[in-house]
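**Student:** Here are the chains, one letter per residue:
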Amino acid sequence: MPPVDVRATVISNVRLSHDYNVLTFSAPEVGALTEPGQFVMVKTTDTSEPMLRRPFSVFEVLRDDLGTVRAISILNKRAGRTTNLLYGLGAGDPIWCLGPLGLPFNPPESGDAWMVAGGVGLAPFATLAEALVAVNVPTTLFYGARTGEELYYLEFFDRLGVKLVLSTEDGSIGEKGRVTAPLETSLKELSGPNQVSIYACGPEPMLAAVAKLAMQYGQPSEVSMERTMGCGLGGCYSCVVPVTHADGQTRYVRSCIGGPVFDGAVVAWE
Amino acid sequence: MPPVDVRATVISNVRLSHDYNVLTFSAPEVGALTEPGQFVMVKTTDTSEPMLRRPFSVFEVLRDDLGTVRAISILNKRAGRTTNLLYGLGAGDPIWCLGPLGLPFNPPESGDAWMVAGGVGLAPFATLAEALVAVNVPTTLFYGARTGEELYYLEFFDRLGVKLVLSTEDGSIGEKGRVTAPLETSLKELSGPNQVSIYACGPEPMLAAVAKLAMQYGQPSEVSMERTMGCGLGGCYSCVVPVTHADGQTRYVRSCIGGPVFDGAVVAWE
Amino acid sequence: MTTMDLSVKIGTLEMPNPLIAASGCFGYGLEYADLVDLSTLGGVASKGLFLAERQGHKPERIVETPSGMLNAIGLQGIGVHRFVAEKLPELRARKARNIVNICGTTLDEYVEVARVLSDAEGVDAIEINISCPNIKEGGIQFGCSLDGTFNVVSAVRKVTRLPIIPKLTPNVTSPASFARAAEDAGADAISLVNTFLAMAIDVEQRKPKLSNVVGGLSGPAIRPIAIRMVWECRQEVKIPIIGMGGIMDWRDVIEFMLAGANAVQVGTANFVDPFIWPKLLDGIESYMQRHGITRLADIVGAVDTASPAKAHA
Amino acid sequence: MTTMDLSVKIGTLEMPNPLIAASGCFGYGLEYADLVDLSTLGGVASKGLFLAERQGHKPERIVETPSGMLNAIGLQGIGVHRFVAEKLPELRARKARNIVNICGTTLDEYVEVARVLSDAEGVDAIEINISCPNIKEGGIQFGCSLDGTFNVVSAVRKVTRLPIIPKLTPNVTSPASFARAAEDAGADAISLVNTFLAMAIDVEQRKPKLSNVVGGLSGPAIRPIAIRMVWECRQEVKIPIIGMGGIMDWRDVIEFMLAGANAVQVGTANFVDPFIWPKLLDGIESYMQRHGITRLADIVGAVDTASPAKAHA
Ligand SMILES: Cc1cc2nc3c(=O)[nH]c(=O)nc-3n(C[C@H](O)[C@H](O)[C@H](O)COP(=O)(O)OP(=O)(O)OC[C@H]3O[C@@H](n4cnc5c(N)ncnc54)[C@H](O)[C@@H]3O)c2cc1C
Ligand SMILES: Cc1cc2nc3c(=O)[nH]c(=O)nc-3n(C[C@H](O)[C@H](O)[C@H](O)COP(=O)(O)OP(=O)(O)OC[C@H]3O[C@@H](n4cnc5c(N)ncnc54)[C@H](O)[C@@H]3O)c2cc1C
Ligand SMILES: Cc1cc2nc3c(=O)[nH]c(=O)nc-3n(C[C@H](O)[C@H](O)[C@H](O)COP(=O)(O)O)c2cc1C
Ligand SMILES: Cc1cc2nc3c(=O)[nH]c(=O)nc-3n(C[C@H](O)[C@H](O)[C@H](O)COP(=O)(O)O)c2cc1C
Ligand code: FES
Ligand code: FES
Chain S
7 MPPVDVRATV
17 ISNVRLSHDY
27 NVLTFSAPEV
37 GALTEPGQFV
47 MVKTTDTSEP
57 MLRRPFSVFE
67 VLRDDLGTVR
77 AISILNKRAG
87 RTTNLLYGLG
97 AGDPIWCLGP
107 LGLPFNPPES
117 GDAWMVAGGV
127 GLAPFATLAE
137 ALVAVNVPTT
147 LFYGARTGEE
157 LYYLEFFDRL
167 GVKLVLSTED
177 GSIGEKGRVT
187 APLETSLKEL
197 SGPNQVSIYA
207 CGPEPMLAAV
217 AKLAMQYGQP
227 SEVSMERTMG
237 CGLGGCYSCV
247 VPVTHADGQT
257 RYVRSCIGGP
267 VFDGAVVAWE
Chain P
7 MPPVDVRATV
17 ISNVRLSHDY
27 NVLTFSAPEV
37 GALTEPGQFV
47 MVKTTDTSEP
57 MLRRPFSVFE
67 VLRDDLGTVR
77 AISILNKRAG
87 RTTNLLYGLG
97 AGDPIWCLGP
107 LGLPFNPPES
117 GDAWMVAGGV
127 GLAPFATLAE
137 ALVAVNVPTT
147 LFYGARTGEE
157 LYYLEFFDRL
167 GVKLVLSTED
177 GSIGEKGRVT
187 APLETSLKEL
197 SGPNQVSIYA
207 CGPEPMLAAV
217 AKLAMQYGQP
227 SEVSMERTMG
237 CGLGGCYSCV
247 VPVTHADGQT
257 RYVRSCIGGP
267 VFDGAVVAWE
Chain U
4 MTTMDLSVKI
14 GTLEMPNPLI
24 AASGCFGYGL
34 EYADLVDLST
44 LGGVASKGLF
54 LAERQGHKPE
64 RIVETPSGML
74 NAIGLQGIGV
84 HRFVAEKLPE
94 LRARKARNIV
104 NICGTTLDEY
114 VEVARVLSDA
124 EGVDAIEINI
134 SCPNIKEGGI
144 QFGCSLDGTF
154 NVVSAVRKVT
164 RLPIIPKLTP
174 NVTSPASFAR
184 AAEDAGADAI
194 SLVNTFLAMA
204 IDVEQRKPKL
214 SNVVGGLSGP
224 AIRPIAIRMV
234 WECRQEVKIP
244 IIGMGGIMDW
254 RDVIEFMLAG
264 ANAVQVGTAN
274 FVDPFIWPKL
284 LDGIESYMQR
294 HGITRLADIV
304 GAVDTASPAK
314 AHA
Chain C
4 MTTMDLSVKI
14 GTLEMPNPLI
24 AASGCFGYGL
34 EYADLVDLST
44 LGGVASKGLF
54 LAERQGHKPE
64 RIVETPSGML
74 NAIGLQGIGV
84 HRFVAEKLPE
94 LRARKARNIV
104 NICGTTLDEY
114 VEVARVLSDA
124 EGVDAIEINI
134 SCPNIKEGGI
144 QFGCSLDGTF
154 NVVSAVRKVT
164 RLPIIPKLTP
174 NVTSPASFAR
184 AAEDAGADAI
194 SLVNTFLAMA
204 IDVEQRKPKL
214 SNVVGGLSGP
224 AIRPIAIRMV
234 WECRQEVKIP
244 IIGMGGIMDW
254 RDVIEFMLAG
264 ANAVQVGTAN
274 FVDPFIWPKL
284 LDGIESYMQR
294 HGITRLADIV
304 GAVDTASPAK
314 AHA
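Chains as they are written, first to last, in my numbering: chain S, 7 to 276; chain P, 7 to 276; chain U, 4 to 316; chain C, 4 to 316.
Think of the hints as simulated: they come from the structure by calculation, not from any bench. Misleading hints may appear alongside valid ones.
[Stated by the list, open to error] Derived DSS-like pairs (lysine-lysine); straight-line CA-CA distance at most 30 Å:
1. P/K218 x U/K313
2. P/K218 x C/K241
3. S/K169 x S/K194
4. P/K83 x U/K282
5. U/K61 x P/K83
6. P/K218 x P/K169
7. U/K61 x C/K313
8. S/K83 x S/K218
9. P/K83 x C/K313
10. U/K313 x C/K61
Here the structure is a predicted model, which means the values were calculated and not measured.
Using the sequences plus the hints, can you model the full thing?
**Tutor:** So, in structure tokens, the structure goes:
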């Protein structure tokens with residue numbers, strides 16, 4: 007299904023912290039098509055300042071009691087112009103939303119699912135968790151942040167039945183340090199290859215570490231890469247990720263259409 | 007007193023029609039300094055789209071019961087980008103307001119005051135009428151518009167004790183035709199020169215006609231000229247009006263600092 | 004009312020309307036085939052093609068600037084042979100009019116790429132990119148020299164009967180003299196502008212924002228300069244002009260045409276709104292209706308410079 | 004912490020900071036004297052002056068464009084003699100550092116205006132405008148020719164000991180070669196960029212929006228191109244560069260300095276916010292503090308082009 011462009015209206019803006027907010031808006035046409043891991047390109051103005059859209063994972067697809075999709079939300083972290091504007095929006099404000107875009111996560115061929123999130127990298131995992139739980143895949147979320155205050159939506163995942171393994175850099179909640187440490191601990195406990203499917207989203211060094219750990223322990227991994235995106239549709243070639251191809255050559259692949267989800271084993275990490 | 011720049015907040019936006027609205031905002035610092043005929047330069051965004059401020063007459067200076075200035079308003083007519091944005095603002099929205107700027111109207115040396123307004127040219131006359139009435143100058147407003155529905159604030163002027171002479175192009179209220187027709191009728195009734203002071207604001211052809219009538223009947227006139235303004239402070243030389251100087255030479259004068267109010271007799275009408 | 008004629012003819016290339024997707028801003032066209040019926044566009048200018056595959060520059064490749072963007076993609080591409088084999092058949096099936104944008108690091112490479120395309124089925128015109136500001140080796144050294152421009156165009160002219168459309172750089176003192184050189188060399192049309200060579204610096208990191216240091220500025224920021232250049236070229240040459248640079252809505256299309264463009268390309272705007280194409284067409288048709296224009300070609304170069312517009316009309 | 008040094012020296016002109024009000028965007032300076040203490044600016048570049056008074060073009064003289072504006076004022080001005088008699092005394096009283104922008108329709112006129120200013124009291128430097136795109140007779144024919152640039156600068160050099168600062172046009176293929184010509188001719192510094200020749204058309208009236216048909220584009224839209232040109236000139240010449248084009252906040256000042264500017268001018272932004280000056284200074288000083296910079300001059304040209312910035316730092 008081709009993506010659609012919706013001039014949506016903000017329904018709510020819940021500020022989680024000084025930097026994070028969850029913005030819910032009326033783009034059911036987009037939500038109804040979205041698969042976990044896909045993204046949208048959004049814009050808060052119809053002027054050329056700022057001009058380009060910005061990419062965001064679809065965080066939640068919100069349904070009414072009858073199961074009809076009513077809205078979607080994004081988990082926004084302030085980083086610059088548009089993310090600041092998204093933090094400041096209020097109910098009733100317009101937001102232009104194009105999507106869904108990109109390749110989604112692939113469900114595990116067998117075994118458990120392990121999701122690994124760093125910071126705002128949590129975004130694609132709410133929908134992925136729902137999808138996995140719906141088909142009874144035992145699911146764990148390894149979730150790291152700087153401090154315990156920046157671990158969001160724990161209750162949401164808990165309620166779904168997702169096992170939570172938390173870590174923080176300051177040790178305020180969970181294990182102190184990087185999220186890759188508890189991940190490795192768990193990997194060590196596995197009895198052999200291809201027992202879990204690993205899904206990761208977060209800062210690139212984390213993704214590289216997760217992909218390498220996964221390879222080391224013989225588990226498949228999928229990583230959601232973050233690149234500056236001009237169009238989200240394969241038009242501009244701004245968003246490339248170096249991928250090692252079957253012929254052994256490394257080539258730049260457009261992450262908006264060849265990703266953002268990549269097999270962690272083929273990305274040529276820098 | 008030099009002008010001030012205020013990041014004001016919109017208090018109310020009263021739509022008078024599909025094109026006209028009165029926008030009230032918290033710029034008391036500007037209001038306290040404003041003399042009738044002066045203008046402000048406003049901007050609705052802090053981005054470069056649109057970039058430049060736009061000039062507006064101060065319409066009302068609003069005071070509380072103790073007489074302290076609380077806000078000002080502008081009478082806005084949709085003409086393009088910024089005027090459309092001004093039409094759309096709501097309470098709480100920010101608006102950047104620099105002012106007061108330009109030369110105000112001069113009070114009559116003697117005799118009655120006749121204000122002549124065409125369309126949105128009504129804007130500077132609410133404050134002028136208040137000032138004139140406060141010093142007991144008998145004041146008349148000749149006010150023309152396309153239709154009766156576009157004659158605004160009649161009650162306001164009526165309550166002040168301003169005599170209203172209305173005209174509309176479609177004849178729906180007052181005399182049918184241009185506002186200059188009833189003006190000329192009244193001028194004819196005067197017994198000699200320098201009996202009234204004429205103040206005019208509106209489309210340039212109207213201003214030219216008023217200035218010529220005033221000269222023809224020997225009455226002084228002041229006209230408020232409308233020009234594209236880049237800065238409002240004499241910096242850019244965008245806003246010039248051709249003025250015939252004492253030496254007989256016509257030179258371009260910056261209307262933001264040498265106006266917008268000019269002696270109708272010295273403007274070199276085109 | 005009578006039917007409206009929006010058609011444009013450039014040599015053997017006949018387009019139903021003047022709207023062309025700009026090179027490098029529309030992938031190879033197929034990326035957008037599900038969003039817009041490619042046959043409804045006047046044409047599709049492909050991403051620039053060398054003889055061989057190219058990887059392009061490292062990211063960061065784009066950065067947003069006030070009402071514009073810089074790009075330094077570095078002409079990543081699949082090369083002309085893979086294009087002919089993998090893209091052209093489906094483009095033909097979808098009835099796109101294909102204006103294939105070609106690059107070269109040498110004159111011979113331009114000629115060879117043009118030859119390959121001439122032999123292929125489904126190429127409607129060749130746009131010769133002699134103006135990419137983002138790569139050192141190719142293009143711009145031809146595009147910034149009158150002789151270079153003349154030589155490339157003449158050489159390509161000799162090997163193809165397809166309409167050839169050199170794409171001019173705006174980074175020169177007088178684009179009109181380059182337009183003349185192109186016309187003299189046998190070009191069927193010219194297209195302009197390519198992007199303006201520009202730069203942005205991250206002040207906290209004190210480094211260029213683009214990996215390539217400099218890049219090309221596109222988007223509405225450049226439109227007033229592009230309009231001026233099209234207008235100047237219109238005084239200089241008779242061949243059709245394809246105007247571009249910052250078109251965001253139908254008004255901008257008309258502005259380019261009044262300045263002298265016979266057709267236009269839309270690049271950056273397509274990123275902001277990939278569904279822009281039918282909106283542009285609708286806007287143009289309403290304009291024609293409102294102004295009683297039946298043949299859109301009649302407004303080409305029709306700006307009345309004898310008397311300026313009234314601001315307070 | 005140690006005190007911060009923001010000073011800039013151009014020949015005998017010593018400025019406490021690099022912020023100069025751009026020519027044509029600040030009247031003769033006195034228009035803004037009640038809003039900003041003129042002595043706190045690095046300098047004030049006056050509106051361009053010919054020998055005689057000039058009326059300039061008919062309105063419309065400006066038009067807004069995406070993140071920019073076109074102007075075709077036509078150099079309305081009071082002429083150098085009235086400037087010396089009527090404006091200089093008060094500018095001196097207010098302790099402004101006066102960089103007087105001069106124009107000419109002939110080489111002799113430039114020389115004569117420069118001579119008058121050299122004899123006057125209170126002129127700190129002469130900026131030679133050979134780059135105004137808006138008038139037919141003057142300036143730009145010098146500014147678009149290397150010989151013309153060399154000749155005007157040499158001729159003015161002979162009649163004044165004041166610092167002379169030719170102002171370069173961006174409407175050429177290689178501004179750096181003009182920078183070289185200016186340096187060779189004895190310029191103390193160069194300033195760039197003047198505005199980009201551009202055009203806007205009212206599509207409903209089908210007429211140019213400016214009475215002069217074309218005008219000069221300024222504002223943030225052009226900043227990335229101006230930054231690139233300053234950076235190119237920095238590789239070419241040793242003399243100080245005064246950079247400008249679309250500075251809207253302190254970040255943009257730092258960006259120009261990193262690219263190679265020793266000082267900057269602020270034009271269009273002053274229209275948007277006439278109280279911008281202390282905000283710019285504050286921003287620069289916080290930046291210096293944050294980065295441990297005590298001498299602002301140390302960052303001139305310090306952009307590290309060997310390794311680009313990280314987008315996701
Ligand atoms: C597929 C995908 C999904 C994403 N999902 C989310 C999400 O769910 N929640 C979220 O908060 N963020 C997400 N991001 C990141 C988000 O797109 C950027 O933070 C945003 O584009 C920054 O825009 P800005 O205007 O605020 O910043 P700018 O003012 O444009 O830039 C500020 C900083 O962000 C960097 N930056 C600019 N563009 C991007 C970009 N496209 N991606 C990353 N960094 C950029 C700049 O280099 C600069 O360092 C996602 C990115 C991708 C590619
Ligand atoms: C001293 C003064 C006082 C004014 N007072 C009022 C007032 O009280 N209420 C009110 O509604 N309007 C007033 N105006 C006119 C108002 O400034 C313009 O309507 C406004 O600038 C148009 O801006 P825009 O962005 O909406 O239009 P744009 O999109 O900029 O342009 C739309 C149309 O308006 C014309 N235009 C552009 N700038 C100006 C300008 N500065 N003045 C006039 N026309 C312009 C354009 O040429 C075009 O035809 C006043 C103008 C002046 C000079
Ligand atoms: C990301 C990007 C890539 C581009 N790649 C090419 C290219 O390969 N060949 C070419 O001739 N022009 C290329 N261009 C230039 C555009 O075709 C067009 O000339 C320019 O962007 C101005 O139009 P616009 O403002 O509508 O984008 C590219 C532009 C952008 C923004
Ligand atoms: C309204 C206006 C008038 C100008 N007049 C002059 C002038 O008289 N002499 C000159 O050298 N430059 C003149 N300029 C150019 C500016 O000094 C400056 O080079 C240009 O505007 C770019 O800077 P900015 O983007 O900060 O405005 C003028 C610019 C504007 C906008
Ligand atoms: S974002 Fe444009 S190609 Fe990927
Ligand atoms: S508006 Fe700038 S000089 Fe009058």
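**Student:** Starting from U/K313, check that the Cα of C/K61 is at most 30 Å away, please.
**Tutor:** 11 Å, holds
**Student:** Is the straight-line distance between the alpha-carbon of P/K218 and that of C/K241 30 Å or less?
**Tutor:** 61 Å, violated
**Student:** Decide if the proposed pair is consistent with the structure: U/K61 and P/K83, CA atoms, cutoff 30 Å inclusive.
**Tutor:** 51 Å, violated
**Student:** Does P/K83 pair with C/K313 here, judged by a C-alpha cut-off of 30 Å?
**Tutor:** 47 Å, violated
**Student:** Given the hinted pair U/K61 and C/K313, is their alpha-carbon gap at most 30 Å?
**Tutor:** 11 Å, holds
**Student:** S/K169 and S/K194: Cα distance at most 30 Å?
**Tutor:** 18 Å, holds
**Student:** Checking one constraint from the list: CA of P/K83 to CA of U/K282, max 30 Å. Satisfied?
**Tutor:** Roughly 28 Å separates the two Cα atoms, so the pair holds.
**Student:** With the threshold set at 30 Å, check whether the alpha-carbon distance from P/K218 to P/K169 stays at or below it.
**Tutor:** 23 Å, holds
**Student:** Decide if the proposed pair is consistent with the structure: S/K83 and S/K218, CA atoms, cutoff 30 Å inclusive.
**Tutor:** Status holds; Cα separation ~27 Å.
**Student:** Is P/K218 within 30 Å of U/K313, Cα to Cα?
**Tutor:** Cα-Cα ~22 Å, so holds.
The structure fails to meet hints 2, 5 and 9 from the earlier list, while all remaining hints are met.
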